[in-house]
Amino acid sequence: MNRKHLALLLLAGSIFVPQLQAQIKHVEMRVEGMT
Amino acid sequence: MKQHLQRQSGVANVDVSLIDGKVEITPKEDGKIEPAQLLKATYDSGVSVAELDMTAAGKLLKDTSGNLVLQLSPNQSFVLAPNELSKGLEPLVDSSTVVSVRGQLYKKPAGKQKKADVAAPLKLLILEVQKKE
Chain W
1 MNRKHLALLL LAGSIFVPQL QAQIKHVEMR VEGMT
Chain E
1 MKQHLQRQSG VANVDVSLID GKVEITPKED GKIEPAQLLK ATYDSGVSVA
51 ELDMTAAGKL LKDTSGNLVL QLSPNQSFVL APNELSKGLE PLVDSSTVVS
101 VRGQLYKKPA GKQKKADVAA PLKLLILEVQ KKE
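Going down the list, the sequences are from chains W and E.
The first sequence maps to residues 1 to 35 in the numbering used here.
The second sequence maps to residues 1 to 133 in the numbering used here.
Hints listed in this document are in silico derivations from the structure and should not be mistaken for laboratory results.
It is possible that part of the hints are untrue.
Claimed, not checked - List time: in silico PhoX-like cross-link candidates among lysine-lysine, alpha-carbon distance up to 20 Å:
1) E/132 <-> W/4
2) E/107 <-> E/22
3) W/4 <-> E/87
4) E/62 <-> E/28
5) E/87 <-> E/132
6) E/107 <-> E/132
7) E/131 <-> W/25
8) W/25 <-> E/22
9) W/25 <-> E/32
10) W/4 <-> E/108
11) W/25 <-> E/123
12) E/22 <-> E/108
13) E/131 <-> W/4
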């Protein structure tokens with residue numbers, strides 16, 4: 001495998017690896033007085 | 001209350017468990033959700049919040065007062081309440097590392113206080129550091 005193929009493979013891999021995105025992912029509350 | 005919360009911006013889904021009083025809120029994919037709004041909306045629907053936890057990812061920086069801050073976007077950041085876990089994150093301040101944490105944003109004050117001050121700025125008390133990238 002030449003360098004070009006290897007570079008393309010690495011690029012494709014980095015696209016498909018999920019990145020940790022800066023955002024709120026989940027919110028959970030404990031509430032009282034709910035009927 | 002469920003309908004009230006679902007109307008808030010950024011909310012994709014709300015799950016309510018009547019048995020244990022647990023409300024799980026899933027943000028939309030862009031994650032643009034405002035916890036203070038959720039807290040207010042819950043109180044406005046006549047239900048009192050005992051505790052609000054969230055899982056979020058962001059970069060660490062220090063504000064002008066020297067407080068450690070988890071910044072999710074230029075418009076959204078949370079001051080971290082100091083504890084052992086937040087101290088452990090200090091070396092990552094101003095780095096490009098994105099940290100995923102689970103933390104407590106609100107806890108109802110103990111005692112027979114009639115209504116909690118939901119307008120006060122929320123501080124994030126880190127309970128668990130989940131991932132660093």
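Each hint tested on the structure:
| no. | hint | in the structure |
| --- | --- | --- |
| 1 | E/132 <-> W/4 | violated (31 Å) |
| 2 | E/107 <-> E/22 | holds (14 Å) |
| 3 | W/4 <-> E/87 | violated (44 Å) |
| 4 | E/62 <-> E/28 | violated (28 Å) |
| 5 | E/87 <-> E/132 | holds (15 Å) |
| 6 | E/107 <-> E/132 | violated (26 Å) |
| 7 | E/131 <-> W/25 | holds (13 Å) |
| 8 | W/25 <-> E/22 | holds (17 Å) |
| 9 | W/25 <-> E/32 | holds (10 Å) |
| 10 | W/4 <-> E/108 | violated (59 Å) |
| 11 | W/25 <-> E/123 | holds (17 Å) |
| 12 | E/22 <-> E/108 | holds (15 Å) |
| 13 | E/131 <-> W/4 | violated (33 Å) |
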